[in-house]
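Turn these sequences into a full structure, and let the hints guide you.
Residue numbers (the numbering used here): 1 to 174.
None of these hints come from the bench; they were simulated from the model.
Where hints are given, some of them may not hold.
Said to hold, decoys possible - No more than 20 Å apart at the CA atoms, straight line, and that leaves these computed lysine to aspartate or glutamate pairs for DMTMM-like:
id	residue 1	residue 2
1	Lys13	Asp84
2	Lys13	Glu82
3	Lys89	Asp18
4	Lys89	Glu131
All values reported here derive from a predicted model rather than from experimental measurement.
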Amino acid sequence: MTDPALIDALVAKQQIADLTAAYCRGVDRADAALLGSLFHADSHVESGPFNGSGQDFAREICAIVRTVFTQTSHANAHQWVEVDGDSAKGETYVTALATPRGQEGDPIHMLTGGRYLDRFVRTNGTWQFIERRFVCDWVVRQPAGGGEDLYAGFLRGAQGPTDPVHSLWGNTAS
Numbered sequence: 001m002t003d004p005a006l007i008d009a010l011v012a013k014q015q016i017a018d019l020t021a022a023y024c025r026g027v028d029r030a031d032a033a034l035l036g037s038l039f040h041a042d043s044h045v046e047s048g049p050f051n052g053s054g055q056d057f058a059r060e061i062c063a064i065v066r067t068v069f070t071q072t073s074h075a076n077a078h079q080w081v082e083v084d085g086d087s088a089k090g091e092t093y094v095t096a097l098a099t100p101r102g103q104e105g106d107p108i109h110m111l112t113g114g115r116y117l118d119r120f121v122r123t124n125g126t127w128q129f130i131e132r133r134f135v136c137d138w139v140v141r142q143p144a145g146g147g148e149d150l151y152a153g154f155l156r157g158a159q160g161p162t163d164p165v166h167s168l169w170g171n172t173a174s
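Here it is, written out as structure tokens:
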């Protein structure tokens, strides 16, 4: 591999890592516009009962996150990505924590571990998902109690534009 080819592959892998991180942010903030921008117009997503276009998935998953969960937090782990020109494929490990709404008694957290099996395409210099499949490897449900008073004074995450990250980037909610 020549130096320019190696540099292109390294840059592509970083751009793909940024893409997969943006996906987590889009889901956790329930930001359908951000999430939709990550999928190619001809993309396909297979995630649990959902099997359809990336654009439809972006709208549907954000509606689910807003109505079903008080919070979600996705964290990508290691990635295995192979780049071939303007296409790539990869496997990304993910751990996600979610707290369902409307629980009676002690709330629970759902902790899920799995992998995203992805195909990517680069169009006009921008990487997008052309195919994304979620493989669920394990799920743990556990009580959410303990430690709340330790974190009483901390900033809290939120879905949508009220999340503190928006003030960092200058796009705060009115």
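Original post:
Do the alpha carbons of Lys89 and Asp18 lie within 20 Å of each other, as the hint requires?
Top reply: Holds, because 15 Å separates the two Cα atoms, which is no more than 20 Å.
**OP:** Compare the distance between the alpha carbons of Lys13 and Asp84 with 20 Å, and conclude whether the hinted pair is satisfied.
**Re:** The hint holds at about 11 Å.
Original post:
Is the Cα-Cα distance between Lys13 and Glu82 20 Å or less?
Top reply: Satisfied, since the Cα-Cα distance of roughly 8 Å is no more than 20 Å.
Original post:
Is Lys89 within 20 Å of Glu131, Cα to Cα?
Top reply: holds, 9 Å
The structure is consistent with each of the numbered hints, conforming to all of them.
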